[in-house]
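Please model the entire structure based on the sequences and the hints provided.
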Amino acid sequence: MIVMGGKTSKVEKIAFYTVLALVMVLVLFPIYWMAVTSIKTEGEVITEVPVWIPTVATLEHYKEVIIDMEFVKYIVNTAIVSVIAVLISLITGAFAAYALARLPLPAKLASSFLFFVLLIRMLPSGAFVIPLYLILDRLNLINTLLGLAIAYQVYTLPYSIWLLLGFFRALPSELEEAAMVDGASRLIILKDVVFPMIAPGLASTAILNFIMCWGEYLYALIFLSSPDVLTVSVVIGGFITEYGTLWGELCAAALLSSLPVLAFSFYVQKYIIRSYMMISK
Amino acid sequence: MNPKLKDKLTSYFFILPSLVIFTLLTIYPMMETVRLSFYRYYYIRQRVWFVGFKNYVWLLKNDLFLRAIFNTLEFDFMATSLQFLIGLLLALIFNVEFKLRKVFLPFVILPMLLPPVAVCSVWKLMLDYRFGIINDVMDYVGLPRLNWLGDPNLAMLSIVIVDTWQYTPFVFLVLLAGLQSIPRELYEAAMIDGAGKFDRFKNVTLPLLKPFIMVVILLRVIDTFKIFTKPALITGGGPGDATETLTLYFYKEAFKFFKLGIGSAAAVIMTVIVGVVSLVYLLKVKM
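Going down the list, the protein sequences come from chains A and B.
Using this note's numbering, read the first sequence as starting at 7 and increasing by one per residue.
Using this note's numbering, read the second sequence as starting at 1181 and increasing by one per residue.
By construction, these hints were calculated from the structure, which means they are not laboratory data.
There may be inaccurate statements among the hints.
As the list claims (entries may be wrong) - Here are the simulated DSBU-like cross-link-like pairs (lysine-lysine), alpha carbons at most 35 Å apart as the crow flies:
#, chain 1, residue 1, chain 2, residue 2
1, B, 1377, B, 1241
2, B, 1377, A, 16
3, B, 1432, B, 1234
4, A, 114, B, 1188
5, B, 1377, A, 276
6, B, 1279, A, 114
7, B, 1188, A, 197
8, B, 1432, B, 1406
9, A, 276, B, 1390
10, A, 276, B, 1241
11, A, 276, B, 1234
12, B, 1432, A, 79
13, B, 1377, A, 19
14, B, 1390, B, 1377
15, A, 79, B, 1464
16, A, 276, A, 197
17, B, 1432, A, 69
18, A, 114, B, 1282
19, A, 16, B, 1390
20, B, 1279, A, 19
21, B, 1282, A, 19
22, B, 1377, B, 1282
Computed from a predicted structure; not experimentally measured.
What follows is the structure, encoded as structure tokens:
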């Protein structure tokens, strides 16, 4: 059964479903635990005997996180940074990927450009981040959401080009050629023919980059420090290291920061799976 | 203007914004990092002076830095191996047509979508010595309670477990894509030839999956090398220096103490190590 085809015995079937059940429990339990801890009373979090299912649900921790910690502000900050970063990389990346897939760039330029895109993906962030800090500092963009969104291009732009190139290459070029014969210009063709057809690819790329920016920690920690501009990752990170034992609040904040992803993931998982399959090609 | 030339100009025009961004945000910073690594640069006091290779010598004599190199490679090896093995098992399971497959699949990939800080929060609680659910389960099945985060011999393993929980789904998805690309007929042909299950796995599945395996292992080797968030938040690099990793060390030197010269030299050494590791891997799997 595990390798396709062949007959399967009853024992194999039982073994298969046992492993499957175990996998699902291991995958889902931490998410469940984050959710239940966030609604447990303080007493039920810290007990010697574990409370698997809370006897009473309280929204106390959420009240503290949302009202006292002003968590909504940080969610808005994170959303702003992520959206700006995604838009910059999607627009610049789409044009670059289209040029690489369709237009007569000199072969040497195209291949060295692609090699460089892969290289950036490989290198540790440390290889860029100190001079990047100095540049953004000179431009007064340290401690700004725009500055962080620009710095994120180190991650998001190579990723966008890489993914979109795959989507463009998978697209048949006959329609574009037909439009060319009709005398349409490249920009018109992009707007009316190519981009509508590549829309699912653009959506997947945007989603993957959004998820990456939303959860990014290291750059946010380096480039942001004043309380007004922090992202959720930096706030939760600070909370873990300073108030490591306030588990209820911590799990409430963690769950709130995961909500966009949890809410979207079922809706967009088709795109996500498609993009990850793309990466491996 | 002739259309060929026009297309050529358009292509330069399209690629230009990306080239500008890459030049400003990566090419120039990379060169600048190398240059700064030859300077002592105390950012807060704004003092800079040329020191030649002294930063490198200082780092290579620094016990914590050497320990961070060792820890990072150890983490990289353990996490990549574990994620690959479990990811392969998962992909084989989900390559089978069973009821509820479509229902379970989106749940399996949830962990890799969560913000790493959220993952750290709940795992830090679960691994807690006194209040953690994992030790409660250990009690329940009659095993001794373990000090997952406080024992220097266990702390790195704990970080490996957390990273494995979060990123095995990535390995899983890539390998599942690989498995689904294998034509069914090949298995049927192998069965007609009388190949057993294990033979089919060894002679059909593995060879055809190999390109996917190579890519996914390379990506995990590269990404686990950058590990920062989990040790930073779950153990803070401790106990002692047990979970100090290169990026954690780099972050502290460069952005806590603002010693930009030493930080740059550490970044150059990291880049060289990841380059050598990837190169060795690529040469090895080619053979």
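Within a Cα-Cα threshold of 35 Å, do residue 276 (chain A) and residue 1390 (chain B) meet the stated pairing?
Roughly 25 Å separates the two Cα atoms, so the pair holds.
Residue 276 (chain A) paired with residue 1234 (chain B) [C-alpha distance capped at 35 Å]:
Violated: residue 276 (chain A) and residue 1234 (chain B) sit about 52 Å apart, past 35 Å.
Quickly compare the C-alpha distance for residue 1279 (chain B) and residue 114 (chain A) to 35 Å and report which way the hint goes.
Since the Cα atoms of residue 1279 (chain B) and residue 114 (chain A) sit roughly 50 Å apart, the hinted pair is violated (cutoff 35 Å).
Given the hint that residue 276 (chain A) pairs with residue 197 (chain A), test it: the Cα-Cα distance must not exceed 35 Å.
holds, 25 Å
Pair hint outcome, residue 1432 (chain B) versus residue 79 (chain A) [Cα-Cα no greater than 35 Å]:
Holds, at roughly 28 Å.
Are the Cα positions of residue 114 (chain A) and residue 1188 (chain B) separated by 35 Å at most?
holds, 14 Å
Decide if the proposed pair is consistent with the structure: residue 1377 (chain B) and residue 276 (chain A), CA atoms, cutoff 35 Å inclusive.
Given pair residue 1377 (chain B), residue 276 (chain A) holds - Cα atoms ~31 Å apart, limit 35 Å.
Quickly compare the C-alpha distance for residue 114 (chain A) and residue 1282 (chain B) to 35 Å and report which way the hint goes.
Given that 35 Å is the threshold and the Cα spacing comes to 44 Å, the pair is violated.
For the pair we were handed, residue 1188 (chain B) and residue 197 (chain A), check the Cα-Cα distance against 35 Å.
holds, 19 Å
Given hint residue 16 (chain A) paired with residue 1377 (chain B) - CA-CA distance at most 35 Å:
holds, 16 Å
Measure nothing beyond the straight line between the CA atoms of residue 1432 (chain B) and residue 1406 (chain B); if it is 35 Å or shorter, mark the hint as holding.
holds, 15 Å
For the pair supplied as a hint, residue 1377 (chain B) and residue 1282 (chain B), confirm whether the alpha-carbon distance does not exceed 35 Å.
holds, 25 Å
Consistency note: the structure conflicts with the earlier hints numbered 1, 6, 10, 11, 15 and 18.
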